[in-house]
Amino acid sequence: MLWLLPLVGLWPLLGAALVPVQRLWWLPAFGALPALAAALLAPLDSSLELPWLLLGTRLGLDELGRVYLLFTALLWTVAGIHAACEMRGQRHGRRFAIFFLLAMSGNLWLIVAQDLVNFYLGFALMGLASYGLVIHGGTPANLRAGRVYLVMALFGEVALFAALVLIAQHLGTVAPSPEGLAGLDDLSIGLLLLGLGVKAGMAPLHPWLPLAHPAAPIAASAVLSGAMIKVALLGWLRLLPIGVEPLPEWGTLLTTAGLVTLGLALPVGLVQSDPKVILAYSSVAKMGFLILMLGALLAEPALAPLGVAALGLYVAHHALVKGGLFLGLGLRKSASRAQPLVLAGLGLLALALAGAPLTSGAVAKDAIKPLLASAQWPWIATAVGLSALATTLLMARFLWVAIRIERHPLPGYGVPGAAWGLLLGLVAAFPLVLGAPASWVGDPATLIPGVLLALGVLMLTRLWPALARAFINRIPPGDLLALITPLGRWAQALWRSLAPWLRAGRQDLAAALARLARALFEHPAPDPERLLRHWPVIGTLWLAMGALLLIAFLA
Amino acid sequence: MTLASLLPVAIILSSLIPGLAIFLVREESHLLRGLLNMAGALTKLALVGVLIWGVYHGHVYEARLALAPGLELVLSADALSVLFVSLSALLWLVTTVYAIGYLEHSPNRSRFFGFFSLCVSATVGIALAGNLPSFVIFYELLTLATYPLVAHRGTPDAVRGARIYLAYTLSGGVALLIGAIWLQSLSGPQDFTQGGYLSNLSEAHRGALIAIFALLLAGLGVKAALVPLHGWLPQSMVAPAPVSALLHAVAVVKAGAFGIVRLVYDVYGVEFAHALGLLGLLGALASLTILYGSLRALAQDGLKKRLAYSTVSQVSYIALGASILGPVATIGGLVHLVHQGIMKITLFFCAGNYAETLGVHRVSEMDGVGQRMPLTTLAFSLGALGMIGIPPIAGFVSKWYLGLGAIEAQAHWVLLILALSSLLNAAYFLPILYRAWFRPAPAAWPEESPRRGRFETQGALLWPPLITAAFCLLAGLLAAAPFSPLEWVELIARREYP
Amino acid sequence: MSSLALAVTLPLLGALLATLWPGRAQPLGLAASLLTALASAWVIAEVWQAGALRLELGGWSAPLGIALVADGFSAAFLGLSALVALGSGLYASTYFSTREMQARFWPLWLLLWAALNALFLAGDFFNLYVTLELLGLTAAALGALGATPEALRANLRYLLIGLLGSLTYLLGVTLIYIAHGTLDLALVGAAITAGPVDATALALMTLGLALKAALFPLHGWLAPAHANAPAPVSAALSALVVKAAFYLIARLWLDVFAPLITPWAASLMGLLGAGAVLWGSWRALRAEQLKVLAAYSTVAQIGALCLFLPLLQGLPAGAAREQLVAALVLMALTHGLAKSGLFLAAGLVQRAAGHDRIAELGGTAQRLPATTFTLGLAGAALIGLPPSGAFIGKWLLIEAALERGQWWWVVVLALGTLLSAAYVFRVLSRAFNQDPTPGRFVSEARTELPALLLALLATAGLGLASAPLWRLLGVAPS
Amino acid sequence: MTPLLYAGAGIALFSLGLWGFLVQAALLRKLIAFNIMGSGVFHLLIAIAERGEQPPDPVPHALVLTGIVVAVSATALALAMGRQLGEEQEHE
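Chains as they are written, first to last, in the working numbering: chain X, 1 to 555; chain G, 1001 to 1498; chain U, 2001 to 2478; chain V, 3001 to 3092.
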């Protein structure tokens, strides 16, 4: 079934080409089907070689790839159903569908790609097409979010490009292998972290994320936050020498970065009022958590086999849950009927994200425990515990905001609702399928205090609304961006004050040159030759020439 | 004269003869002129096909004509010539179709197409020139043949642009001439030789060789638009779109870049040039040009001007590739010769389409053109994304190999240049794409042409950019396939670095 | 009858007949032109085969008798004069429309040609004097054919300058005769010693010729004289008459008096040449009329030829010297052909527009594509762009300069090239404006084609197919 | 001695004529000066024809004769042109 692999990327591309046709509005819903089929049917660890394609293409699925392909395809399918229904007949709906399918194609392709160039191809396609999703709404806020997203994404892509070139040079080929990655130099690793770190929302490269994910339409937000940010982790797991050699310094660095991300995203998320922004910060925080874990893996190669599988599980859980949250939020905003059901679903998902027992979150957390246990610093477990607490609080905040959301009833939400229900089912079944019963309980220790704390906060804000107002919305989405925006303004002001000088200088120079040119060319030339036609002048010159000649002959 | 020596001559004549004949064609004879044009272009393509086959199989094609004692006109085809010849032949055909569509209703068509063909003849001559004097001859002929094309419109602006073009290129030509003669006086008459022919000159000539390199580089740099010799390029944007396309993608700019490649590889020899410390100079100049061109492009509102500065920047990738020691960087630079050509010609075709169909000349007028002309804008997008280096479009392949080569040669700073350049490229191309696709279209276009074919514009204007855009995509997608530009360039690099 | 004698006598005879039957001047003149050209071709063919020819007139041998000689050098110039004279003559046959003008033109024209041929073929100093005088007289008379006051004044000045030059030359010849008792070029050449008498003689002869060749800074007469003459006459004046004087300078300096030439003297000539290149080109650039431009360009071209002298000085006989001399000839020939083409084209422009003010030529240039093409081709040859013969000449000149370490001439040439490009393209740019174009390329074949062919010969012919010329000049292709 | 005297006189005549030719503005005077220069050269030629006891060298004589013819025709042409110029100027 290897032939399914090329289809994974080609099919959505074909869809993007065909979707402008009015009758094919439903194509986004079916774009990820070959990927789903491939994830289930394609044999593991065998690859399809296409040496003539690009710089030599190798497609294939390994264990991690299959997990990724599975949850990515699932999420894209559900989101695709939402997108197709939501955008049908809307203004620019077809444009949205094109970019949606392009981003889908890139996302799926980079998972099945086993060589650097195709990974980059998928990554770039996904990154650029997402821009179209982010700015779809066309409001000034959307455009700003898109601009920030694009600038940072391009920085990331360029850094990734440099990293990939360095890795390719190191490998001597474009197909990476664990052995080949041994001894990778620091520049490559640094660039790789930088390049993918943007996509992952690693602090301080995250400010685009809380802006862009909420700006996109719901279906796009779901895949952005659910599927697309996860590819950074995939890239790291594939291209860093994990399990080959210990890189303690880099491990420390990543751990620190993860902690910083966690510590930054959770509090900032708590004071947001837009549910999508809250979810976006939650994603940033989760990525921070994953980066932290990756740091541990990088420092200790022995953890690799177990750790990679655990991370895969965790990522799959988060992708489905976060995607589900976004999509549910969409239903909450738009669908008229069955709102209690939607709220119940959202509650379930929020619980799962907080890691409540019997949810996928519990299983994922359980899987990741050994990694935590081996962390370099003992207090990391504490920090992670605190973050879990904060996550619970964040989810409570989300539910609170989601309950009070203003609804705009729209017809025709049966199919997306059903699809969402399916997704809920998958999330619910997640622990049953993938986790041993021992892991179902998880770690309620952080959940219960969290819930209690949330209730406490609720009470407090009820009693003193001013207290809530003092915090809510004090930090704008994109936090750090607010700090550097004045820098940009100063630079602009500086340029504005300097520009006239420069321009004046240039104009002066140009005017001087023009004057010179006029002096040389424009005025009718006075005829200096007139002199050369006077006989005495001719005679003098002539005789002088003769004298010189004679002297020269006799010299 | 044997068949083997006839082929290069025939390739030049296949555009020269139609070109001269076109001058005599009456202005109203559309059909005859079109026939001559297409016959020439197709013949050339067929001949080039034979040439590719022959050179691949190791045949030697060479024609010699003694001009004076010690001065020979040599036409010969090696793998590098074939690369450039095929590019010119292919793009000439496409551009001819486009030009016929573009200029069908403007005056002075016979003159235009005559010089158009002469221009291509000179370009092909440059590609096939087998020694430095022949190169110089065709290089100057190219200047001559291009001048009327730049001045073609006859507006004061056009004449001024052409004058500036001429001032630059002729000055460059003089530098090139003196350099070439000086070199010949040291080395004696020599053909281009893979690996260079100067390395056995005595140490005493070291200073002279450096000075000669500087002279030759100055001469070639004018056409290749190396900063600070690039001033003519944006000015010559007044020419009709097919001319700009040809100028930027195939003829003038490329001739300069091709000359630099010849100079480094087949005159000095890359290792000898490295030993003389000349590659650093070239690399620095190329890097400066790459960044400066992009920065200037950012500030341009005129679409063609922006593209022109983009050319300034992009063509220096070729020089950059030549300035890095090692086969991989050579591949990157040489393949960009082709890749930049097809991408830039696509962009110019599209710019011409906007101008001709909608009267849109400025970036600020491009709001919503994607809705009015989706196919053209699609082609434009492909070209622009390729320039940025997004895979799987051709430009990515060039950048990839340049980067690999730079690391191989321990020149990590090149990566930084590539990264900065990509970002700058994105900064001046993506806003255009944004406007074209996402902004609402205005109620009325500046000057919409009443002639409209079955599609968004006339067929002769629409097909060429679509075809070249497809080339851009295929050159990248099938980079590793046999007979792709990349594979051909690898053949050259293998021969240069045995 | 020998070919050498024919080349001189046929035009003379033609001139005589045209004078006798003024009504038939034109057909007679054209027939004589054709025959003269054939005779020239015959001479060239014989030189091609035999290497050098010598004819003792009346059987009197030197030192008493008069000899006609031809070698590759003179044959080349003979060929140049045949081509230019034939082309210009053909052109003149429609340019002068009235019988009266034709009757005045043709005898003088054929006389001029006879003088030129005799000058190129003369083997002794005195014959050279006579031909120089004859050349000066006919040239001035032809130049004044237009009979406007400007033309008369300019050509009267030209005549007087020419007379001064001839007399000075004659004084030099007298000194030669005092010193050596013979006037035969070959014999004198063998007897030359580096003494004050020979030096003075050469200085005097050079002075005289410098006036006629319009060597900078003695060129003041040239521009008005050439610019005011009728177009075919200007073509011949610029392409041939001035070159003839230079031909003689070259003959004396490179051949007869070679042992006398010191580096200083050669450098002085080079310096004057450099001045001519720069000043002439600059004046051409600033000229407001097309024909004035062409005339100043002639000044510059003569200067460029002078640059060969310092490089040839001290170069021992051998392949290198032969090549450089051949390059000199090639350059002179290219200039001659190109300049005649330029003047003929300028004449057409002038006639079509009614004036030749460059600034106002736009529409005219557009209406005459073939003529504009001629201007372009001739211009390319004047600049020295490839593939013109001047390019090859320039190449060899620069190569020699670099090899001999005299790089400053290269700088002069580079500047001259750029300046000449500037003035040529200043004219050509007028061809590009928004006026409508005519349907056809050539509108009047009999006037446009000779000019076009001459320019084409300069650009493509002498550039790409110069091998016969090298062979004629005895340079083995290496 | 005599030849030297003649030669000296010839040179002197030539110089005198030259002076006049360069300095005098009027055409007629210029032409007279030109003829004086010519006479100077002819003097010189005749002076060198002297060969002591032998009959004089015929070559310089031939030269002088030809020279005179040339000088006369040149003078005539110059006069004709000068006259025509004068007439044209009168018309203006």
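Treat the hints with care, as some may be off.
With the Cβ distance kept under 10 angstroms, some of the chain U side facing chain G (calculated, not the full set) [what the hints assert, rightly or not]: (1) Trp2048; (2) Ala2052; (3) Gln2313; (4) Pro2316; (5) Ala2317; (6) Glu2322; (7) Ala2422; (8) Ala2445; (9) Leu2449; (10) Leu2453; (11) Ser2466; (12) Ala2467.
Please keep in mind that the hints were generated in silico from the structure rather than gathered at the bench. Just so it is clear, CB atoms sit at the ideal spot from N, CA and C, and this is done for glycine as well.
Hint check results:
1. Trp2048: Check failed: Cβ of Trp2048/U comes no nearer than 18 angstroms to chain G, outside 10 angstroms.
2. Ala2052: violated (21 angstroms)
3. Gln2313: Check failed: Cβ of Gln2313/U comes no nearer than 18 angstroms to chain G, outside 10 angstroms.
4. Pro2316: violated (17 angstroms)
5. Ala2317: Given a least distance of 16 angstroms, the restraint on Ala2317/U is violated.
6. Glu2322: holds (9 angstroms)
7. Ala2422: holds (8 angstroms)
8. Ala2445: violated (12 angstroms)
9. Leu2449: Given a least distance of 13 angstroms, the restraint on Leu2449/U is violated.
10. Leu2453: violated (14 angstroms)
11. Ser2466: holds (6 angstroms)
12. Ala2467: Check passed: Cβ of Ala2467/U comes within 6 angstroms of chain G, closer than 10 angstroms.
This entry does not satisfy hints 1, 2, 3, 4, 5, 8, 9 and 10, going by the numbered hints stated previously.
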